Amino acid sequence: MKILFKNIDMPGLTSLSVYEGQGGYQSFKKAFAQKPEEIVEIVKASGLRGRGGAGFPAGLKWSFLAKDVFPRYLVCNADESEPGTCKDRELLEKNPHLLIEGMILTSYACQVGTAYIYYRGEFQHAADLMDKAIEEAYAKGYLGKNIMGSGMDLDLYTHLGAGAYICGEESALLNSLEGRRGEPRLKPPFPAVEGLYAKPTVVNNVETLSAVPWIISEGAEKYAAIGTEKSKGTKLVSVSGHVKKPGNYEIVLGMSTRELIYDLAGGIRDDNKLKAFIPGGSSTPMLPADKVDVGYDYESIQAAGSMLGSGALIVMDHTVNVVEATLRLSYFYMHESCGKCTPCREGTRWMWQILGKLQAGIGTNGHVDKLLDICDNMSFKCFCPLGDAAVGPVASSIKNFRSDYEELVKKLQGGAVSV
Amino acid sequence: MFTFTPEDEKQIEKIVGKYPVKRSALLPLLTLVQRRDGYISPEAMKAIGGKLELSPAYVQSVMSFYTMYHTHPTGKYIILFCHNISCQLNGADDLLAYTSKKLGIDVGGTTKDKKFTLHREECLAACSGGPMMRVNDVFHENLTTAKIDKILDSLA
Ligand SMILES: Cc1cc2nc3c(=O)[nH]c(=O)nc-3n(C[C@H](O)[C@H](O)[C@H](O)COP(=O)(O)O)c2cc1C
Ligand code: SF4
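In order, the protein sequence lines correspond to chains A and B.
Its first residue numbered 1, the first sequence is counted upward by one per residue in the numbering used here.
Its first residue numbered 1001, the second sequence is counted upward by one per residue in the numbering used here.
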C-alpha cells in the first residue's frame, strides 16, 4: 500500500507536468466544493496523526485554531534533524508538488493566507528544488490570488534555518522563523492560538501534510480503514544501522517490526544477531532484541516501553557496544541543548562526561547509578521536550543493557568498584 | 569595506518581501552573505542589521545561536562529516579520521590552500545512506575510502 511513496522514483516527478500526469493536483475540485470546516472534519475522521514525533491528531490540531482571528499561518516543519530520521528529505527532494498540494488543502481548511516551509539549513538543495516547484504552481494558478476561482488566496515561501536541532521543536522553529535565537517558547499559549507573529498558526510535519491530498481525494473512510484501531494509515520508516538494505519504507501501521527489519530491510548485516533497536529516532527509548515482534504502530511501541516518534528505526547487531552508542547519542543532546534551562543544559553535559568516563575505562558502578539519578532529575523538569529526549537513550540503555555497563567497568578495572 | 552588489540588492528585496516583519529575513540574509563571502564579518553584520533595522549586537546574538554561520574565512568546500548514530554504526569514525589524515587537517581546520574545511556534524538526515558527508550543498552517501578519494580528488 503506497500513498506517499507512490511513484516516488519516477523520473521527472519534481516537475509539475509529470506530477499532474500521475493524478497530482486533482484534489482541489473536491476540496473547494466543500466548506473549510468540512475539510477539517474529513481529516479528523481519517485518523491522520502528526508524523513529526508526537503523533497528535492533525485534524484536531487544526480545530484548535483561535476562532475568527486572522491572519493565520501554516508552517511546514522540514527541520528533520532527529538522528535516524531521513524520510522527509526523500519526500522533499523527490516529490515537492505533493507537499505543495497538501499545504494548499491545509491552508484552505485552516483559512490560511500565507504559508512557510521551514527547512534545516543543510537542506539548501531541497529548498532550491522546492522554489522551482512553487514557481510552477504559481504559474499554473495553484498559488497566488483566487486559486482556481475558489476565492482563496495563498502565498507559499521556503525559509532556511542555519543549523540547530532545537529548531525542529515547533515554538523554537517559530522564533527562528521570526529572526530570533531558536529557543523554545513557554506553552501555553500553543501555536494554534499564538504562533507566528503571535497569530494563530498550524505547524505540521512534511509527511503529515503530504498525506492530506490522498485523504481528500480518496476519502476519510478509506484512509481510516488502513492500519490499526488507533494508528491509521501508512507511515514512512527510515531504517538505518546494521541492516542489509537500509532505506525509507512506507508501511501500513501495525506491521511487525520483525517483518520491517528482516523482510523489507533484508535482515541484519552478515546475518549477525540483533541486539537492540531504537524504534522511533534517537529520542525514543532503546529496546532489546526480544521486543522485535512489536507491532510498528503508536500504541504497540508505547506498550513495549518506547515510542514511534518520527519513525526512525535504528538497528544494532550483537557487535555493538551499547555504551559507546549511548555516548554518541548523549553527545548529540549536549551539543544541541539550547541552554535556556538548567536541568537540560547541565544535565546533558554531565551525562555525556560520565558516559565518556565509562567508555574510557575509568568509570565505576557508582557512575551508572549517578546517570540514573541525573535522568530522574531531568525527566519532566526541563523547559521543553528536548530534555526528556536526552534522557531516553541513557535511561533505556541502562535499563535494558546494564550488564554492558558493568562489564566495561569490570573489564577495564579488573573488578567493580563503587563510589 | 563590505558592500552589497546590485544583484544582492535584488535578492534582498525579494527575500524581505516574503515576510510581514522584516526581522524574519535575518537568517536568509546571513545565509546570502555567507554563500557569497564564505563567512560573515563584523562589517557584514552591521550592513545586514542596517537593512533590517536591527542592531549589530542583535545580529551577532542571533547568529551565534546557529552552527552554520562562520565568523572567519573558510575553505572553498565545507565538508560536514556526519558522526551520529546511524553513520557511527557503519564506520563513520574511521572514515572521518581517514578524511582528516588525507587532507592533513584536524576536525574544524582548513587546508593551507583554503580549499577544504572539515567539520564533524550531527545527523544530516541521510541515515539510511550512512556513512555520509555533505560537501557544500551536495550529500554524498554510502561512503568508503575509495569514494571519499574520488569525490575530494575531483573537486577543483
Ligand atoms: C527537540 C525537538 C525536535 C523536533 N524536531 C522535529 C523535526 O525535525 N521535524 C518535525 O516535524 N517535528 C519535530 N518536532 C516536533 C514538533 O515540535 C511538532 O510537534 C511537529 O512539527 C508537529 O507536526 P506534526 O503534528 O505534523 O507531527 C520536534 C520536537 C522536539 C521537542
Ligand atoms: S530543555 Fe534543553 S533545549 Fe529545551 S529549553 Fe531547556 S535547555 Fe533548551
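Hints listed in this document are in silico derivations from the structure and should not be mistaken for laboratory results.
A couple of the hints might just be wrong.
No farther apart than 27 Å at their CA atoms in a straight line, the calculated lysine-lysine pairs in the DSS-like style are these [unchecked claim]:
{"no.": "1", "chain 1": "B", "residue 1": "Lys1014", "chain 2": "A", "residue 2": "Lys187"}
{"no.": "2", "chain 1": "A", "residue 1": "Lys187", "chain 2": "A", "residue 2": "Lys44"}
{"no.": "3", "chain 1": "B", "residue 1": "Lys1014", "chain 2": "A", "residue 2": "Lys140"}
Being a predicted model, the structure only gives us computed values, none of them experimental.
> Given the hinted pair Lys187 of chain A and Lys44 of chain A, is their alpha-carbon gap at most 27 Å?
Replying inline: Between Lys187 of chain A and Lys44 of chain A the Cα gap is close to 23 Å, so the pair holds against 27 Å.
>> Does Lys187 of chain A sit within 27 Å of Lys1014 of chain B, going by the straight-line distance between their CA atoms?
In response: The hint is violated at about 33 Å.
> Keeping to a limit of 27 Å between CA atoms, is the pair of Lys1014 of chain B and Lys140 of chain A held or broken?
Replying inline: Within the cut-off at roughly 21 Å; holds.
Figure legend: structure checked against the earlier numbered hints; the only hint not met is number 1.
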